[in-house]
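Model the placement of chains B, C, D, E, F, G, H, I and J on the given structure of chain A, informed by the hints.
Protein chains in written order, with full-length UniProt numbering: chain A, 1 to 91; chain B, 1 to 91; chain C, 1 to 91; chain D, 1 to 91; chain E, 1 to 91; chain F, 1 to 91; chain G, 1 to 91; chain H, 1 to 91; chain I, 1 to 91; chain J, 1 to 91.
Rather than coming from a laboratory, the hints here were simulated on the basis of the structure. These numbers were taken from a predicted model, which means no experiment stands behind them. Among these hints, one or two may not hold up.
Covered stretches of chain A (in silico footprint by chain C; criterion: 3 or more residues with CB under 8 Å from a CB of chain C, positions within the stretch not fixed) [unchecked claim]:
1. 12-21
2. 26-33
List time: in silico BS3-like cross-link candidates among lysine-lysine, alpha-carbon distance up to 30 Å [unchecked claim]:
3. A/K41 <-> A/K21
4. E/K21 <-> G/K41
5. C/K21 <-> A/K41
Here a beta-carbon is modelled for each residue, glycine too, at the ideal position from N, C-alpha and C.
One-letter residues, chain by chain:
Number of protein chains: 10
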Amino acid sequence: MEFLVRFETRLPDAMGDAERKELREAERARAMRLRADGLLKRLWRVPGRRAVVGLWEAPDATALHAALSSLPQFPWMDVTVEPLATHPQET
Amino acid sequence: MEFLVRFETRLPDAMGDAERKELREAERARAMRLRADGLLKRLWRVPGRRAVVGLWEAPDATALHAALSSLPQFPWMDVTVEPLATHPQET
Amino acid sequence: MEFLVRFETRLPDAMGDAERKELREAERARAMRLRADGLLKRLWRVPGRRAVVGLWEAPDATALHAALSSLPQFPWMDVTVEPLATHPQET
Amino acid sequence: MEFLVRFETRLPDAMGDAERKELREAERARAMRLRADGLLKRLWRVPGRRAVVGLWEAPDATALHAALSSLPQFPWMDVTVEPLATHPQET
Amino acid sequence: MEFLVRFETRLPDAMGDAERKELREAERARAMRLRADGLLKRLWRVPGRRAVVGLWEAPDATALHAALSSLPQFPWMDVTVEPLATHPQET
Amino acid sequence: MEFLVRFETRLPDAMGDAERKELREAERARAMRLRADGLLKRLWRVPGRRAVVGLWEAPDATALHAALSSLPQFPWMDVTVEPLATHPQET
Amino acid sequence: MEFLVRFETRLPDAMGDAERKELREAERARAMRLRADGLLKRLWRVPGRRAVVGLWEAPDATALHAALSSLPQFPWMDVTVEPLATHPQET
Amino acid sequence: MEFLVRFETRLPDAMGDAERKELREAERARAMRLRADGLLKRLWRVPGRRAVVGLWEAPDATALHAALSSLPQFPWMDVTVEPLATHPQET
Amino acid sequence: MEFLVRFETRLPDAMGDAERKELREAERARAMRLRADGLLKRLWRVPGRRAVVGLWEAPDATALHAALSSLPQFPWMDVTVEPLATHPQET
Amino acid sequence: MEFLVRFETRLPDAMGDAERKELREAERARAMRLRADGLLKRLWRVPGRRAVVGLWEAPDATALHAALSSLPQFPWMDVTVEPLATHPQET
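So here's chain A without its partners, still in its complex pose (with noise of 0.2 Å):
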């Protein structure tokens, strides 16, 4: 099943520069790996801002929130999960 998912990340103002990278490091690992998996298909900016739109797919929401939360930046996210249905036009 396809997601929608929207996420704002907002690091603390207290954190240091070095912190920031290795975490951003870290995020960009983990996304290649859940992108392998299959879980993150598509993934876009919002121009403008520090916030993605991607498109995902798991078997259902438990699988959904285990994928995102295991995003090392999740603390600081703030998420929306839209479900999608298959489109007609799409078969």
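Positioned in the frame of chain A, the structure of chains B, C, D, E, F, G, H, I and J alone reads:
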């Protein structure tokens, strides 16, 4: 996968009483069928409104849409669907 | 450039079944044409609603508007358009 | 009487890991007690968020508030309560 | 249990004056009955609107819904219900 | 004239327990005084929140503001005021 | 006591020009009367809309409602009322 | 003074094609006149909607309202006006 | 041209009492000056809040911004500005 | 393609005056460069706020994001982007 589904039904003013009665009976019959099939698990009424909250279970959003759109009152229902993940305390 | 486009269609109550059927077929044909032309890339149904989310690609917002307004159901569609930027992980 | 209760928990950034862990265990223990007492009937996780939706049963809103405010994480929870009426199809 | 109930009534434009008058009288009579029964405790008018705020008391949301939907104008009322808990200072 | 007043109190995280306790007692004492003076007529708790709904009576909004701002927790309260008119059924 | 009152008027499409003209003249006459009585103190137009913002003075919300509902266009007006307190700098 | 003005036009379903065409031509002619007079400076289309964003210049909100309400489609337009101040970088 | 201006002031928790007092006096003095200059015409307090509604008059939005940003508390004020047009009944 | 871009800047309270001044100068210099490059076409101030509305032109949303995120104050800006289509009257 479970979904929390809210809908509010607004039949057109011009619809006659006989048609309304027939539609409500067909609605009830269809809902009973969806319960028997395990798709519709619980239904609550929102006090003061022609609205209900329901707990549904379906393999995915496509199957859920098929179930919802099979309801005879579907053309007059305003529906919102919220995906639910399993809570660790429930397992 | 890609755009995330949401629309919800509400045909007037007074429209007859024949006209609706004809309109939906014309809509589907036009959508197929826009896919063939590379403007419409993906379409999902919002579960429980007469609404769709679509991924579109067009040179700019003017070309996108031309494509959207060429849809036969356009006069009865409520449309919102969100511009998407390429995410660094996609390149 | 049943209530649909949503809450989102946001522990302060300054709280240490040990305190968080202790708090979560106390929360879980208290929730288990409320389940045993028949107040908390079901709990779902909102995918992507530190939020839950729960089905509660209490004699009235005063008893519900007492139950909710007995949760150790209550000072950091943003809670909304929706009263539910019995649906005729359920009886 | 007490509830704060808001409703705004919008009779259809096409309804004739005689029917409106009759409906308003029936509404008033029914409201008086609900007061006598202890369900409706106070009613205020929202200045400038055809809306009222009321303080109701009912065993639960199901009984409240039964009372509200017994009002003759119910089909044309937009109703919202807020559950109230007893404040410690009141006891 | 009556007013429906809602407030939600959020004491700063940094405030110590002794100060909180003292503030709550002062708040309660002041509220009791306002009841004795006939300004505060009823108070309800919003279930699940540090919020209350109150029924107040004051000659006008200026006197109401004076009463509200005399509460010791006022600097940490988010307040909204709704003016109420007498309903014809109440007279 | 002063109130800030906003209203937007939407006469039904089916209303004929003669009736509209008559209604607007009656509205103006009634407004003039309310000014003479000291209830209506100032009126501004919201640019681009059939909406006005007005400064009213009335002993309480009940008297204000009586004044507003005496306007001939009241059945087609969407009204919101905001209570105003005297600012210390004004005294 | 400059204003950012948004409007969305919704002609009634019952309006015939000839009347629509005539109205749109009159609208265009009037808009051209307002451009020539320096009131209307730029116009953009909101993609996917029968809506436009415009940059207007007028001595004040009263003159702006006169210009907007001189548009033949004004009775069917939903208009919002935002005042703009000169940015220091522009001078 | 007249403007309806709302602002809510939120001084930082960390600001000491002396600084607050000084700031409020400077604010009052500056407001008095703006009144004397004819820019600030009326001020009302929103009951229950540290917020005010004001009626201002300025040649345009640029001059209004200059006046508002000259207030000593401006850095801590959340301001919204609504342009007002003259109502035909006022002339 | 043109975009309407709104942003509101909120520098942290803890930032010193020297750093603010330096940042604002760098911001201005960068904005001037983006004007020279034809990306930033107009800028207006929202009266009463630390917010601006700007008219930008960029090949697509990706290039627009690159331009916006090159602004030195970008980490403290809340940005929203609206795509604009050419209006037929402009061509």
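Evaluated hints:
no.	hint	in the structure
1	12-21	violated (count 0)
2	26-33	holds (count 3)
3	A/K41 <-> A/K21	24 Å, holds
4	E/K21 <-> G/K41	34 Å, violated
5	C/K21 <-> A/K41	35 Å, violated
Violated hints, listed in ascending order, are 1, 4, 5; each of the other numbered hints is respected by the structure.
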